Amino acid sequence: MAETVLPKLEVTPQNPLVVGAGASLIEISNLSLFYGKSRALKDVSLKIRERVVTAFIGPSGCGKSTLLRCLNRMNDLIDGVRIEGSAKIGGHDIYAPDVDVIELRKRVGMVFQKSNPFPKSIYDNVAYGLKLQGVTSKGELDTAVEQSLIGAALWDEVKDRLQSSALGLSGGQQQRLCIARAIAVKPEIILMDEPASALDPIATSRVEDLILELRKDFTIVIVTHNMQQATRISDETAFFYMGELIESGPTQKIFTMPKQKRTEDYVTGRFG
Amino acid sequence: MTEIQNFKTRKFDFASFFFSGLTGFSTLLILAILAVILGNIIINGWPNLTWHFVSTIPKKDFFDPATTGVLPMIIGTTIRVFMMTIFVLPIGVITAIYLTEYAPSGSWLTRIIRAAVNNLAGVPSIVFGLFGLGFFINFIGRNMDQLMHNPGPVWGQPAVLWASLTLAVMTMPVVIVATEESLKAIPMGLREASLAIGATKLETIIRIVLPQALPGIMTGGILAVSRAAGEVAPILFTGVAYYMASLPGKLSDQFMDLGYHVFVLSTQSPDIEKTRPILYATVLVLLLLTFALNFVAVLIRARVRKKLRALG
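Listed in order, the protein sequences are those of chains A and B.
Residue 158 in this note's numbering is what sits at position 156 of the first sequence, and the numbering runs on without skipping anything.
Residue 373 in this note's numbering is what sits at position 57 of the second sequence, and the numbering runs on without skipping anything.
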């Protein structure tokens, strides 16, 4: 049933592992965001292709997380936020008045910086989104939980203790559980807000491997502070500074021959 | 090096010594007062606390130690505390949910509601009693009688329903504040995780926030029970009876109450010396009942905590 609830957007049958293979899925044009009177994003225009990993980089406070949160309208939760311009996903303006935010968030999943599993069992964490959508059949839930945990490279570690608390997992496992929870509702896009910044190097590399695996099926937008991480996992990179998009393009190009001086200074570690 | 040598010349710190002594003394003083009160009541009350005393419905002359009993008072106090809990918890919790989850945090309306809640906590309990009389009995009760075409006052007079509602209004701030604190303690990240997966705000509150807040909410309930069990002033005009030959059977019945009965025994007795033993016993029963009501609530909370811990 889940498939009919979430109509997949048109996907061109190309090899998703080829960099930049997909058509653009997200189109941000002239987007500005204000917290009260201060302007956190200035006239950002950016196209994000489907089934590639796009990294948002830039110094703290540059607006990259804010822009990420525009894409599933999590900024709606903050009092006094105002948005100008438009953000389209699959051609539909997600800020149009008739948009169902709940439906949007089912299609645009999110993984947070600090892993935030619910204080429930591992099984219930993954099944949460499906139960919300009214899935009650145990068989269907079992299959979805297993598939999602396999997809998040966590199944082998937890398959014998699905009913024990998610809070008993290690930090890295918790973050992969959050990824499993996000993919269980079969979103098209997964937003990741520094998903590995609180993890140790081994847990980080597992999450990175997982992201490379996930991009076969999902469009991933990831905010990261870690330059090496951006080069390892992303196909395209957008560099932000003081609320502005300075430069975007294929990751390799951004890191080896950026057009802008500020991008070069940042990626070579001269500031940031 | 000179810093290190200074250790040797450290002087006796009189201020520290005095202050630590003062804190210990204050604690002892409180314990001593509690011991005197409880000791006095237990020593004088315990010998008079018989099964007959707690299981008997007394005759009109309840000042006679040989025949009297406090069963209707035990039942009356228990009923009004339970009914109050049933009224105060849902309304208090829903108000707290509004204030923490829905109300815009800085708005003037929210500030006014918070100030009102805090002021409500400071209102003397006798004023709640008068409010109950004016609002529940004279306004709501009488209008109910009129609408139902009752020949005489049924609802427009003191009743256990009105007394419980008055107590619920009085203990509302306790429940609201305790619930608000426990809601605020839940990490924002959990709410975000739920919303980001496509849950509505209501689903997030019911499935994620409230289960986590339950122990804190129950702490509020326990505090409300503690406060309400011993209060007499709010029920004085709204439901308590000096004497009733039978137990309350309907919401519109009056009831007898332990706290009020203590007041009656100590002020209305024709022979104060003769009544004193049962006065002590009644006070002891009131204390034990209050402890018992609290204990039940604490037990329930412990079970909820254990269940949550098994999950979290």
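Keep in mind the hints are simulated off the structure, nothing from the lab.
Don't take every hint at face value.
[Said to hold, decoys possible] For lysine-lysine, the following PhoX-like pairs were computed, each having C-alpha atoms within a straight-line distance of at most 20 Å: (1) B/Lys-517 with A/Lys-133; (2) A/Lys-161 with A/Lys-140; (3) A/Lys-49 with A/Lys-161; (4) B/Lys-375 with A/Lys-116; (5) A/Lys-261 with A/Lys-49; (6) A/Lys-44 with A/Lys-255.
Everything numeric in this text was worked out from a predicted model, so none of it was measured.
Hint by hint, here is what the structure shows:
1. Pair hint B/Lys-517 plus A/Lys-133 holds up; C-alpha atoms about 15 Å apart against a cutoff of 20 Å.
2. A threshold of 20 Å between alpha carbons decides the hint, and for A/Lys-161 with A/Lys-140 the separation of about 16 Å falls inside it, so the pair holds.
3. At most 20 Å may separate the alpha-carbon atoms for a hinted pair to count; A/Lys-49 and A/Lys-161 exceed this at roughly 39 Å.
4. Note on B/Lys-375 and A/Lys-116: the hinted pairing is violated, with a Cα-Cα distance of about 68 Å set against a maximum of 20 Å.
5. At roughly 18 Å between alpha-carbon atoms, A/Lys-261 and A/Lys-49 fall within 20 Å of each other, so this suggested pair holds.
6. Restraint check for A/Lys-44 and A/Lys-255: not satisfied, since their Cα atoms lie roughly 24 Å apart, outside the 20 Å limit.
The structure shown violates the earlier hints numbered 3, 4 and 6.
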